[in-house]
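Required output: the full structure, derived from the provided sequences and hints.
There are 2 protein chains.
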Amino acid sequence: MHSFTRRSFLAQASTLPLLFQIRAGAQDPAVFPGLITRMAEPENLEFPFSSLSTAITPNEQFFVRSHFAVPKIDNEKWTLSVEGTVKKPLTLTLENLKKLPKRSMKATIECAGNDRVFLTPTVAGLQWGHGAVSNAEWTGVSLSSVLEAAGLNDTAVEVILEGADKGQVNSDPKSPGPISFARSIPIAKAKSDDVILAYQMNGVDLSASHGAPLRAVVGGWYGMASVKWLTRLNVVSKPFGGFWQTLEYSYWEQLGDVPTLAPLTQMQVKSAIARPGRGEVIPAGKSFRIFGAAWAGESAVAKVEVSTDGGKTWSVAKLLDKPERLTWSLWEFTWNVPRQAGPAQLFVRATDSSGHTQPTTRDPNRRSYMINHLVPTDVVIRS
Amino acid sequence: MHSFTRRSFLAQASTLPLLFQIRAGAQDPAVFPGLITRMAEPENLEFPFSSLSTAITPNEQFFVRSHFAVPKIDNEKWTLSVEGTVKKPLTLTLENLKKLPKRSMKATIECAGNDRVFLTPTVAGLQWGHGAVSNAEWTGVSLSSVLEAAGLNDTAVEVILEGADKGQVNSDPKSPGPISFARSIPIAKAKSDDVILAYQMNGVDLSASHGAPLRAVVGGWYGMASVKWLTRLNVVSKPFGGFWQTLEYSYWEQLGDVPTLAPLTQMQVKSAIARPGRGEVIPAGKSFRIFGAAWAGESAVAKVEVSTDGGKTWSVAKLLDKPERLTWSLWEFTWNVPRQAGPAQLFVRATDSSGHTQPTTRDPNRRSYMINHLVPTDVVIRS
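First to last, the protein sequences are chains A and B. Quick note, the first sequence lines up with residues 1 to 383 if you use this note's numbering. Quick note, the second sequence lines up with residues 1 to 383 if you use this note's numbering.
Warning: the hint list may mix true and false statements.
Note that the list lumps identical chains together, so a pair holds whenever it fits in one copy or between two copies.
Result set (DSBU-like, lysine-lysine): computed pairs, CA atoms no more than 35 angstroms apart in a straight line [stated by the list, open to error]:
1) Lys88 <-> Lys238
2) Lys106 <-> Lys238
3) Lys303 <-> Lys106
4) Lys174 <-> Lys303
Quick caveat, the hints were computed from the structure, so don't treat them as lab data.
Structure, rendered in structure tokens:
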């Protein structure tokens, strides 16, 4: 793709004035202000959301979420084992997988902690801004076709997706000993068309940071389910209670008035403003293109609304892409900026096809995840 | 019972030399060296295990485990509600419950963190010694008869036992908002004879500290299941994931090589030495009665063995009570103390009727619970 031209283009771009680079970045995906480092080791890198310009996020801009160091994998020796409560356990090479029917699927992946930096008081975890979310076209094989080849037993209830990344979780004294990153999905989701085992991302082979040689993409679900560096599919006959779906990546669901721990699953309906960015200076008395993305997990976006007066009044934004399940839609709204200089507060809110609108306040039982309440973008109007 | 004579006896006893009081305490349950405070507020008090003398623990010596302050309950206004997936929801007064068939059951209750003080390195949680365990005869009604009166729907899988004690768990940032203490048990256990809703303990009405007016006693399970100040039975159609069976009172069970979080259930086979106590001075060249208790949850104790040489050799101890499920057995072993002065290390280990013996080493995946590995009692032989 465009990765070939990247270096020379960036070399040129770096000699241009900074403001121009950012503005250019918003127009041209080949120029962007780099990834935001939220943690250096292991790699946790954020898409600089203000550089959003196309529905497909270029691979170099796609956010990176890692729980452990990138595992060293020799593609020639790598295999995917399919085991557990199956009729015929399998050990598949990359070559074997590539012989299965090839499929592509556009899917937005959002980290469950995206926008955590906006929570007050501060909570533990990576302090992501708007950009722990990106959108790509994934190519690989349907999980369902691999499961079909192995043959599920009737007792199967979930598939555990296990990665090659492994370590000891030191941030939580309740964690078990060294463990591989693993996450389960129910059989119904596993058999649906929403889940693919991808070896390509936007038409090129996966990079190491993105899970080479094979990763899961669980469309519509928060990113923790899209296990990278996939090495094992373990079909189980009772619900899995792994670390990353109990102590981490879970929330308190109300059962009457008693909270019960539930694993995170679907992305909640959400939208975010890419431009203007926080603190951006807007010329008074002119029109300004407010621009961003909206997504709704397993649903499609039905409506995006913008407020330029701190949430008092709302106007419908224009959707630039036909809303689809699993993948985000870009939207824009032309703001007739007042002549009066001073601060302004912008909001965006999305509604999905089932009628769910983003909440205005934060539910603390979501712990530090599923952050889709309205977050203001404060800007400055200058004449 | 003996509570009437307690005060006057203790008044006398307190004028006796300390050593005599402790020795007398081991013979006579009316004299004992007080409960050990592990936390003042809420009340967490330990049975001083070296004062063990009878299979039934006197009420005043029974250990107390509280998660929140003792709730203020007016027995006249108190009710037990039976709800959820039942044919006929019920609201029962104490009077209603006392009209149901009355039953008594001897049961040992052990806190899941009993002996935590012996873990190295130190782990978070109350630092219990041997005495977060006691044994009583409980009187009340079978949980099964209450459930039968309400009529379970076919979809019922668990019963959540909910207490009147409520608060915010500040020790864990992952805890939900203010919650009532609650724990679930599967329907099969709930329908068994092992579970009673008790209003009496050793023949007298429950005290406030022990859960008045009504508590659950889930025979064979760790104490967290025996919910005190019971106010609600909530029959549910999917497994409950409450705080005290996920973030607390759970362990990592191995699913192949992937740990999965599981709620604590049955007490593991275990034994403890009451006398001699740690550091006790033993006369050389005489015989000494090593004495203690052994229990095995839903199983019965089959064998108790003692080592007086640091675990090199083992001898079978004598069981003083006929082993039964749910309730502990006292045991003794006559030690022919060597003439040689010096340190000695004693061990006891029990085996249950299914052949499980206490492990010699600690499994870290049990987190800070289910502590039944062998723990030495170091004593001093003096000539």
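Here is how each hint holds up against the structure:
1. Taking CA atoms no more than 35 angstroms apart as the test, Lys88 paired with Lys238 passes in both settings, with 19 angstroms inside one copy and 30 angstroms between copies.
2. Taking the shortest Cα distances, Lys106 and Lys238 sit within 35 angstroms of each other both inside one copy (31 angstroms) and across copies (34 angstroms).
3. Taking CA atoms no more than 35 angstroms apart as the test, Lys303 paired with Lys106 passes inside one copy only; the shortest distance there is 20 angstroms, against 64 angstroms between copies.
4. In this homomeric assembly, Lys174 and Lys303 come within 35 angstroms of each other (Cα to Cα) only across copies, at 34 angstroms, whereas the closest approach inside a single copy is 42 angstroms.
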